[in-house]
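A.B. asks: Residues per chain, in single letters:
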Amino acid sequence: MKKTGAQIVCESMINEGVEVMFGFPGGVLLPFYDTLPEYPQIRHILVRHEQGAAHAADGYARATGKVGVCMATSGPGATNLVTGIANAYLDSVPMIALTGQVATPFIGKDAFQEIDIAGITLPITKHSYVALNPGDLPKIMKEAFHIAQTGRPGPVLIDLPKDVLQESAEFSYPEKFNLPGYKIPTRGHPTQLKNAAKLISEAQKPVIIAGRGVVISRASEELKQFAETAQMPVITTLLGIGSFPESHVLSYGMAGMHGSGYANKALVDTDLLVAIGMRFDDRITGEIKGFAPNAKIVHIDLDPAEIGKNVAVSVPIVGDVKAVLQALLKMIEPKDHIDWINQLDEWRKTHPMTDIRDGAELLPQYIISQIYEATQGDSIVVTGVGQHQMWTAQHYIFNHSGNFISSGGLGTMGFGLPAAMGAKIGHPEKTVWCIDGDGSLQMTLQELATLVQDDIAVKIAVLNNGYLGMVRQWQDLFYDKRYVATPLSCPDFVKVAEAYCIPALLVNTREEVMPAIQQAMAHDGPFLINFQVEPEENVYPMVPPGATVAEFIEQPKKEVSSWPRRSTL
Amino acid sequence: MAATQHTLVSIVEDKPGVLNRIASLFRRRGFNIDSIAVGHSEVAHLSRVTIVVNGSNAMVEQVRKQLDKLIDVVRVSDITANDITVRELALIKVKATSTNRSEIIEIADIFRANIVDVASDSLTIEITGDEDKISSMMKLLKGFGIREIARTGRIAMVRGNLGTSPGETGTAGRRAKKQT
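Each protein sequence line maps, in turn, to chains G and R.
The first sequence begins at 72 in the numbering used here and counts up one residue at a time.
The second sequence begins at -4 in the numbering used here and counts up one residue at a time.
Derived by calculation from the structure, the hints in this document are not laboratory data.
Fair warning: this is a prediction, and the values are worked out from it, not measured in the lab.
Note that the Cβ used here is the ideal one computed from N, Cα and C, for glycine as well.
Take these hints with a grain of salt, some might be off.
Label pairs and their calculated CB-CB ranges [unchecked claim]: (1) R:ASN49 / G:PRO176: 39 to 47 Å; (2) G:GLN517 / R:ALA145: 53 to 61 Å; (3) G:LYS265 / R:ALA76: 22 to 30 Å.
Kindly generate the complete structure, drawing on both the sequences and the hints.
C.D. replies: Below you can see the structure in the form of structure tokens.
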């Protein structure tokens, strides 16, 4: 049966189970948008800026594990997607980016709103296509969805010229396709598995470091069994947060630049590091020579190019994390490492992650602990990028995979609000908090209108310190407090929210925090709280740039009230 | 980790943009290409790319893995450690007068090169061989005055039964790189 290119794109999306897409129309996309009402199965969310569409698709994909779909028109629409595509690429998020393109006779002629978006996004996509015939579209769509969500997931871009959307071709959705150059490793090599099992049985001070690969592979249960059987302490990367329950006795939180002191000390002392689905980012390793200097490293990752890229490893295991852990579970014996765990618990006492001081100041860490209390750890928390992101990683206790959504690799300010929007659409039944900074929020503030138009009940907590806080912190610690271009004049966020018809509250004191959070959660719809927090609070501990993980700086000693970490085991 | 010259052979799908993807990857990861030669392979729709890179073993291994991740790249092998036949073709246009023309032709004969064009004041020589052979001849011709040089870059093939072709089992390069 003959269908237009636009119909083929829609039919293909339905075949792939797409329920929602985030987009912004434009001249060359009119044939698509004119067709879209024929397919009510696809919900279209109109964003206010294309960057918002890409981040929303990203947040949706991370919250659901499904492919996120975003769309933008040719030229500026497409270039506005670029940051969001790069963000998804660095954090391995399955995404399809559909871009409009000028009609094929105009390609290469510098036509109005023509830009080579496939060329621009070449280094930040897993793959890309320029569709030159409507007849190619079914195959392209099939391959694109397959590539985006299998193996190490990532964004795939499809450029759609206007005439290709208009013209007709025979449509049947292909069952099969041929991608001879696309290989997905599945289970690890038996010899390497044996080597890993041997090292695990011999280790005295083993540590697991879990990354986003565990989340992607849905291997939390296997990780838990593995850690419990071999009695290995578990630390995570930023994006590994939630892959292992943080209230578990074997959990020692996040390591790295703003990781806990005890996690970083464990990295220094360990004799066997089992790295699972992580890629030794410089924010985790610090100066490489001081990273796990006494350890043999077992590296489990799906992507062979990650093995040996930054850190030399003793045992490389290329394979799907879940399959590898299942195989290893059959090969390891129950062990105990009481002395080592006692050592870690000792460090937990001497280097606690407890910087919520008593007193009157409204501390951002306090707010996050209160959001945790109010939600009982059961909400999806999405952050922007900056101090608030690190405080959230440190002070909210995440026990479920996929509940913490944050921009890791690219560190994209402005990610929070649109990603929270996508997460809420993916999980309407869950509470979704967007914890954002005043700087980060202002980068994508316009999406407040999207929340209202599409009734997306995201709760927004602005930790407003009137600074670009993380940059100010670096100026404070490493540039003699010269606060250049970091003091930030902010609008009255309450009035801004109200102008968008979103109810909002201003909070200045600790007493107001919990009632405001409860009011936000009781409200049926989006809600914003502007927390005027202590302006010059820093994130500690901190591994200074260029230092080893052993050289973390801790909060200068003040009165400390310990934030209790709970145990379930 | 000493830098050495490596020969990579890659079988790629003959699709628009595939060379762009390869070149973009080298630029973005900071790898340098010494030479690159592209042509059809024995299979329709598949091209063969021979890339010469200079770097440590670890760096070149990273290049190989990153190339292998490209969807349009079907296979990449580092065949440096194999017994390989290496060839390059060069066209060299040399200044020549009636007095020294025969001397130049003699040099060409020694290198088993061909004279492919004769003009009143120049000779064009076609030479095939490995880079050393071509360089040695160029050194000898330098004195006459070289007008123009065109070189293809290296192409290479594993000797004997092992190959880098799609569909063949036991490809040489993979076997050589098993150490990771």
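A.B. asks: Does each hint fit the structure? Answer for all of them.
C.D. replies: Hints and how they fare:
The hint said 39 to 47 Å for the Cβ distance between ASN49 (chain R) and PRO176 (chain G), and at roughly 44 Å that hint holds. Look at GLN517 (chain G) against ALA145 (chain R): about 56 Å separates their beta carbons, and that is inside 53 to 61 Å. Distance hint for LYS265 (chain G) and ALA76 (chain R): a CB-CB separation of about 26 Å, consistent with the stated range 22 to 30 Å.
When the structure is compared with the earlier hints, no violation turns up for any of them.
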